[in-house]
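Listed here are the chains, written in short residue letters.
There are 2 protein chains.
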Amino acid sequence: MAKRSADGGERAPGMADVARVAGVSAQTVSRVLSGHPNVQERTRAKVMAAVDQLGYRRNNAARVLSSGRSRAIGVVNLQTNFYSRAAVTSGIENAAQAAGYAVSMATTASLDSFAIDRALSRLADQGVDGVILAVPLIHSSERIEQFTRSTPTITIDGSRTESAEVVAIDQALAARLATEYLLDLGHETVWHVAGPQEWLDATSRREGWRATLEAAGRSVPPPLEGDWSPASGYRNGLILGRIPDVTAVFVASDEMAFGVIKALHELGRRVPDDISVVGVDNIELAEYCSPPLTTVAQPFAHMGALAVAHLLRHIADPDAAPRPTVVEPRLIARASTAPRAGTGPAPAPPTRRPDAMAAPSRE
Amino acid sequence: MAKRSADGGERAPGMADVARVAGVSAQTVSRVLSGHPNVQERTRAKVMAAVDQLGYRRNNAARVLSSGRSRAIGVVNLQTNFYSRAAVTSGIENAAQAAGYAVSMATTASLDSFAIDRALSRLADQGVDGVILAVPLIHSSERIEQFTRSTPTITIDGSRTESAEVVAIDQALAARLATEYLLDLGHETVWHVAGPQEWLDATSRREGWRATLEAAGRSVPPPLEGDWSPASGYRNGLILGRIPDVTAVFVASDEMAFGVIKALHELGRRVPDDISVVGVDNIELAEYCSPPLTTVAQPFAHMGALAVAHLLRHIADPDAAPRPTVVEPRLIARASTAPRAGTGPAPAPPTRRPDAMAAPSRE
DNA sequence: GCACACGTTGTTATCGATGCCAATACAACT
DNA sequence: AGTTGTATTGGCATCGATAACAACGTGTGC
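Listed in order, the protein sequences are those of chains A and B.
Mapping to our numbering: the first sequence position 100 is 100, numbers consecutive.
Mapping to our numbering: the second sequence position 112 is 1112, numbers consecutive.
Incorrect hints may appear among the rest.
[Claimed, not checked] Below, a sample of chain A positions facing chain B; criterion: calculated Cβ distance under 8 angstroms:
| id | residue |
| --- | --- |
| 1 | A62 |
| 2 | N81 |
| 3 | S104 |
| 4 | T107 |
| 5 | D112 |
| 6 | Q197 |
| 7 | E198 |
| 8 | F258 |
| 9 | G268 |
[As the list claims (entries may be wrong)] Partial pick of chain B residues on the chain A-facing surface, computed with a CB cut under 10 angstroms:
| id | residue |
| --- | --- |
| 10 | Q1053 |
| 11 | R1063 |
| 12 | S1070 |
| 13 | Q1079 |
| 14 | Y1083 |
| 15 | A1086 |
| 16 | Q1097 |
| 17 | G1127 |
| 18 | H1139 |
| 19 | S1141 |
| 20 | P1230 |
| 21 | F1258 |
| 22 | R1269 |
| 23 | Y1288 |
Worth flagging that the hints you see were computed from the coordinates, not collected in a lab.
Beta carbons are placed, not taken as given, at the ideal position from N, Cα and C, and that holds for glycine.
Sequences are here, hints too, so could you generate the full structure?
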């Protein structure tokens, strides 16, 4: 019944053992270890000495049971190797760790509400204090809504439920930055390879792209759609490359963008000479593949940290008003884009200075 | 003191509540929920009905405290976005989840024993049943050894401690596959951009490369060294590209390999026409960047799953004999490699039959 | 000089589920 | 019929820490 260390019949020391060695009560040991202010310095020292001597560690399960708080947060994530997911997760872990919170992961292979509900269930069973939902929530369900109502929840990337706070990157702005940059280079219009439309950020990018073109009075080509994978970019590239009009493409992710570029190359269209390509994400390889990819950098780690901050605030004060937060992406110009062939060496003055390269610091 | 649901004064239902509604004892509820065999079907149904009606969930903390097992495993990981780390982690999460175990993450920014010890501490505080150490352990420490002695631990990628089981990819074989492939293409010798030598898999690759060259009676060029980043590959590529002899390079990771290729391009050396490049990892973009990268694929997800399987076995039976396991990598030939320039369409007879892809034999 | 406040420490009840053991019921055997 | 066995169920102690409250000693103000 009791937990025993693996190497013998010895049981791990408990607070009572520490208390005995230090000559105080268990409660005092608890106070010392929790950093409670009202403890005499001498007592504190005695306790700490006993703790060191016994190699004592507090039993987390007992603390959770007793205090009702687990000091753990859960993250629901998609089971993929997308750069963006990993980057956000990493930001979350750092921030949580710094705040003294543990992170429990629950990945889901599918986006249907059933699968997501299962992931949330696992986290609830773990007794997490709060949850960061880092997957798009296409269809919410009654069970999910009930969960978000009873457990502090932050959603990332635009998953929307009634009772959760949202932290997101301004995807419409990302699309606008990319599209305007291409228009400023003299391209007549800009084609788009979108992400899967179940993803809210994919639809936001598509709408941002469309709105930008319309605002500039340009024709809006029919959007293509991929699934974020390089392979799907490649497939779409094989289509785009066969359309003579195409001189500029905004692709909804870097990984798809490289697939597009590969296909264009195979069809004999040069990038950027014949066709300019802009991606989104600024993955680490974006600068080192050929050609270096112009892209829109997203502050993933920052967003993860922000999500944690909001979540902890929400845990501390469940009644605080939700406060949606949007962080801004940034264009990074590289060599996959060029002035439209025929417009000459001096492109029309850009609406924004292309100075984004100045400090391309990754986070 | 008690945990209350966020939306009111109601406390979450406990086993006693379920028992009352079902008209049985709490103990019977526990048995039903644990899948204990000796429960009458009628009783089980009554209990399940009560559980549904109340929306009851077992309190994890109480279970852990009472049973002494947490059904959670910990993973120590490096705080980076390396593809390999993410891929292994994903394999671990799937396998753990399938086995009904939760996963707790602890990332470390540095590899020194102090930082790793802190990560292990956090996991120990969480009360995990076992740990997968997915970072290289350069210097073990007494505290780390003590931890691995008292907690089931599996190390991945060659971190070695006295008392932990090891699951690893055969890195020497990976190096041999790459090097032999290049020699078979007619290259006189093969240069090497190694990973940071604190990483055991980096040194294993370097030694495998060296041994293969020596076995073939070739000269062994001085190895270069990067830090896994594309940028470091680029820096090394700027050096390699200035050495006329170089016709073939084995780079210890795909991301560095693309950095190398970019530098070679900038120096006017064509890949693969002038210089062949082989990477390691088979990241998703390897096929879609230009040129498509010949690389050695590593079964990351499989390794993660294997690590979990071993760990759970070890948790179930702490006295079982450690059983180191090695899984085998696989060469994937793409377009970044070509027969040595000047050897004509028919390369010199290879030192080994170029069947490396078919059935990689162990050494 | 007395009452009161405050800082410090100890005592007790409690969190919620499980392990162990006992008790019951009912079937199967000698 | 008596006895043994087995399946099912309940009672109680327990896991290890914390919350709430009580108790103690000391200083302070009136």
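So, going through the hints one by one against the coordinates:
1. Taking 8 angstroms as the C-beta contact cut-off toward chain B, the hint placing A:A62 at the interface holds, the least distance being around 5 angstroms.
2. About 5 angstroms separates the beta-carbon of A:N81 from the nearest beta-carbon of chain B, less than 8 angstroms, and the hint is met.
3. Given the 8 angstroms rule on beta carbons, the hint for A:S104 holds: about 6 angstroms separates it from the nearest Cβ of chain B.
4. The criterion of a C-beta within 8 angstroms of any C-beta in chain B is met by A:T107, whose closest approach is roughly 5 angstroms, and the hint holds.
5. Checking A:D112 against chain B by beta carbon gives a least distance of about 17 angstroms; that is not within 8 angstroms, so the hint is violated.
6. Because the beta carbon of A:Q197 sits about 22 angstroms from the nearest beta carbon in chain B, more than 8 angstroms, this interface hint is broken.
7. For A:E198, the interface hint is violated, since its Cβ never comes within 8 angstroms of a Cβ in chain B; the closest pair sits about 20 angstroms apart.
8. The interface hint given for A:F258 holds, since its Cβ lies 5 angstroms from the closest Cβ of chain B, which is under the 8 angstroms cut-off.
9. The restraint placing A:G268 at the interface with chain B is violated, with a minimum CB-CB distance near 14 angstroms, outside the 8 angstroms limit.
10. Residue-level restraint check for B:Q1053 is violated (minimum Cβ-Cβ distance to chain A is 15 angstroms; threshold 10 angstroms).
11. Taking 10 angstroms as the C-beta cut-off, the interface hint given for B:R1063 holds, the closest approach to chain A being about 8 angstroms.
12. About 7 angstroms separates the beta-carbon of B:S1070 from the nearest beta-carbon of chain A, less than 10 angstroms, and the hint is met.
13. Using the Cβ-Cβ criterion of 10 angstroms, the hint placing B:Q1079 at the interface with chain A is satisfied: the shortest such distance is roughly 6 angstroms.
14. Because the beta carbon of B:Y1083 sits about 7 angstroms from the nearest beta carbon in chain A, less than 10 angstroms, this interface hint is met.
15. Because the beta carbon of B:A1086 sits about 5 angstroms from the nearest beta carbon in chain A, less than 10 angstroms, this interface hint is met.
16. Given the 10 angstroms rule on beta carbons, the hint for B:Q1097 holds: about 7 angstroms separates it from the nearest Cβ of chain A.
17. With its C-beta approaching chain A no nearer than about 5 angstroms, B:G1127 sits inside the 10 angstroms limit, and its interface hint holds.
18. For the restraint placing B:H1139 at the interface with chain A, the shortest Cβ-Cβ distance is roughly 21 angstroms, beyond the 10 angstroms limit, so the hint is violated.
19. Checking B:S1141 against chain A: minimum C-beta separation of about 15 angstroms lies over 10 angstroms; hint violated.
20. Hint status for B:P1230 relative to chain A: holds, with the closest Cβ pair at about 4 angstroms, below 10 angstroms.
21. Among the interface hints, the one on B:F1258 holds; its C-beta lies about 5 angstroms from the nearest C-beta in chain A, closer than the 10 angstroms criterion.
22. Interface hint at B:R1269: violated, since its Cβ lies 13 angstroms from the closest Cβ of chain A, which is beyond the 10 angstroms cut-off.
23. Restraint check, B:Y1288 versus chain A: the minimum CB separation of about 4 angstroms is within 10 angstroms; hint holds.
Hints 5, 6, 7, 9, 10, 18, 19, 22 from the earlier list are contradicted by this structure; the remaining hints agree with it.
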